[in-house]
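**Student:** Here is what each chain is made of, one letter per residue.
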Amino acid sequence: MSVGALIDLTRCIGCRSCQVACKSWNDNPGEHTSFWGTYDNPPTLTPTTWSLIKFAEVEVKGAVRLVMSKIQCMHCLNPACIAVCPEQVYQKEENGIVTLEGDKCIGCQNCMKVCPFSVPHINWVDNPDLAFVNVEPQMTKCIFCFDRVSNGMEPACIKACPTDALVFGDRDELLVEARRRMAKFPGKYVDHIYGEKEVGGTAWMYLSPVPFEALGFASLPNEPIDVSQYKPSYLYPGIEKEREPVSPVNIGVTSGLLGLLAGAASIIALRQLRMKKTDVEVPEE
Amino acid sequence: MTAVVQQSKPSFGAGTIILAGLSFFGFVLMIIRWATGLGATTALVDSRGWGIWIGFDVLCGIALAAGAFSVAAAVYIFQLKEFYPILRPTVLTGFIGYGLAALSIAIDLGFPHRIWHLLIYWNVHSPLFEVGWCVMTYVTVLGLEISPIVFEKFNLKAPLKLIRAITIPLVILGVILSTMHQSSLGTLFLPMASRVNPLWYSAILPILFFISAVAAGLSMVIIEASLSAAGLNHRLEVRLLGKIAKVIPYVLGLYLGIRAIDMLVAGDLRYMFTGDLFSFLFWAEVILGVILPIILFSMPTTRKNRYRMFWSAVLVVFGLIFNRINISLVGFDGAPYWPTWQELFISIGMVSIGALVFVLASRYLAVFSSHSPANAE
Chain A
1 MSVGALIDLT RCIGCRSCQV ACKSWNDNPG EHTSFWGTYD NPPTLTPTTW
51 SLIKFAEVEV KGAVRLVMSK IQCMHCLNPA CIAVCPEQVY QKEENGIVTL
101 EGDKCIGCQN CMKVCPFSVP HINWVDNPDL AFVNVEPQMT KCIFCFDRVS
151 NGMEPACIKA CPTDALVFGD RDELLVEARR RMAKFPGKYV DHIYGEKEVG
201 GTAWMYLSPV PFEALGFASL PNEPIDVSQY KPSYLYPGIE KEREPVSPVN
251 IGVTSGLLGL LAGAASIIAL RQLRMKKTDV EVPEE
Chain B
1001 MTAVVQQSKP SFGAGTIILA GLSFFGFVLM IIRWATGLGA TTALVDSRGW
1051 GIWIGFDVLC GIALAAGAFS VAAAVYIFQL KEFYPILRPT VLTGFIGYGL
1101 AALSIAIDLG FPHRIWHLLI YWNVHSPLFE VGWCVMTYVT VLGLEISPIV
1151 FEKFNLKAPL KLIRAITIPL VILGVILSTM HQSSLGTLFL PMASRVNPLW
1201 YSAILPILFF ISAVAAGLSM VIIEASLSAA GLNHRLEVRL LGKIAKVIPY
1251 VLGLYLGIRA IDMLVAGDLR YMFTGDLFSF LFWAEVILGV ILPIILFSMP
1301 TTRKNRYRMF WSAVLVVFGL IFNRINISLV GFDGAPYWPT WQELFISIGM
1351 VSIGALVFVL ASRYLAVFSS HSPANAE
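Chains as they are written, first to last, in the numbering used here: chain A, 1 to 285; chain B, 1001 to 1377.
In case anyone wonders, no lab produced these hints; they're calculated from the structure. Note that this is a predicted model, so its numbers are computed, not measured. Glycine is no exception: its CB is placed at the ideal position from the N, C-alpha and C atoms. Keep in mind that the hints are not guaranteed to be accurate.
Among the chain B residues that face chain A by a calculated CB cut under 8 Å, a handful are [unchecked claim]:
1) A1073
2) F1111
3) A1165
4) P1169
5) M1192
6) W1283
Isolated chain A, as found in the complex (with noise of 0.2 Å):
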């Protein structure tokens, strides 16, 4: 059996309660965010936020409309970040869960530049007393809440949602239940639910009354990400900014002192070339 969830965001009236559970349950401590434009807060994933509640503005039929989705790890059933990790970060369980083992990892970041889905996070330290001999592992991501799951009982998110946006169950099963909703509602969802072929299919999945392109989720392929993928389309949306742009002065200051040494560089080379230029070895053919 593979374990799956499902998302109807129909349902979704964007009360966060799975957000809280799933900081309660972990042991995720909170963050001090600010406010900057949406109702997303924070406004991605980070280390200690692994489920979070987006908000997209979607116009619909002439009529503005606030609709919620929840973006966590989707356990891909081909998972990229297993494939590339060097050190076996990341398992694939038995149940389909991906889970991680953070104190194996290195730090060469190749699962978040893979994942297509901007998963994985490893903590940027800025905080001096986590730096350099900081051994707790800092690579994180939903676990599907495994612990839980293994011992019978739903994922904290979804044994938290008060309006049943969220399913746990068989991924086979809710599959048939998200085509029975689609076709028992006709004109209530897109005719496409999210995660069921992306990437080669995942346990998360999706069903929205918008396009998904709308919410911001990326369009991907449905071959599983591997190096015996050839060109998808050059589309990779969903990446935010997480710090400030950056500034003129900083490129500046750094192209000039760049282009000062080069300059030096090169009138040094130059120099040295010339000084012996009387000993030039020119062959005779």
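Given chain A, put chain B in place with the hints provided.
**Tutor:** Okay, now just chain B, sitting in the frame of chain A:
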């Protein structure tokens, strides 16, 4: 130190002292980076995990050191003994380049104190696993290949004999390892297809990385020989370098052909003429770094003139650096990135350390020896 200085050359030039200063500054910054973490010293963010330390120091550093295995193969496997005079400086550069690439990886890793985990936790399907292992073993191989210059200095007969006995297997191992990891650096970017600009992404990136590394590695041999001949009062082997220069157009031509056919098959030609920044960079890279050097190196007048040969080789090397930076940074989709001054000066420090070690080695050890090896008769 002073005693050593007195017994050979009278004094160090201003260039050496500047190199030493930059190396020391870079070294201090490395310590600061290890002590305070990546977040405090770099401009890296979650969607931009690899900066110039990977894009320049590792990707370019390893590619430019490819001359070591090419020349070693030419001398020992194909028995082209005339290239022996340039073998030692090339292998020394390779050793320095790989050592610095390994150091760069240790700087860039989130947990440098866990780098030994590569040895005990194995995921043989990971391209990075292969790169890590190859770099570790190849640094060892290059170290053994270059060790005779130290043994000769201190007149240690027994280890010298041992190394000479295993030279051929070492060189073969070096060729295998180089082929593996030069291409695996390209494999690193294969699973990131959706993030690399199609002008640079290709399903045959491993092959393209390998061929371009050979061309740039050989060009690096020319650059190094020219610079050290100028700086260290050695006679320049123009005729020998001309022979190497003659090989480069073929390698680059193969690279250009394969790349063009791949872009045609993949349907990427339409991105070439969009007129945006990427198409401009692409043309700058291909025209200046590939097409122009092919033409220049093909002309006999270039191959007879040390200056023309030097500047043509510089073009190839810049083309390669341009290419690797475009793949890993400019054409890579992610948050805006500009290196901080710490990142920049650690990179500059790395290059300075390499140059300094080379200068010191050529001053005190028999890097430029023209006699033939004992076992290559």
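**Student:** It remains to establish, for every hint, whether it holds in the given structure.
**Tutor:** Each hint, compared with the structure:
Violation of the interface hint for B:A1073 is found here, the shortest Cβ-Cβ separation to chain A being roughly 25 Å, above the 8 Å cut-off. Residue-level restraint check for B:F1111 holds (minimum Cβ-Cβ distance to chain A is 4 Å; threshold 8 Å). Because the beta carbon of B:A1165 sits about 34 Å from the nearest beta carbon in chain A, more than 8 Å, this interface hint is broken. This hint is violated: B:P1169 has a C-beta 27 Å from the nearest C-beta of chain A, more than the 8 Å allowed.
Hint status for B:M1192: holds, given a least beta-carbon distance of 5 Å to chain A, under 8 Å. For B:W1283, the suggested interface contact is broken, since its CB lies about 18 Å from the closest CB of chain A, more than 8 Å.
Violated hints, listed in ascending order, are 1, 3, 4 and 6; each of the other numbered hints is respected by the structure.
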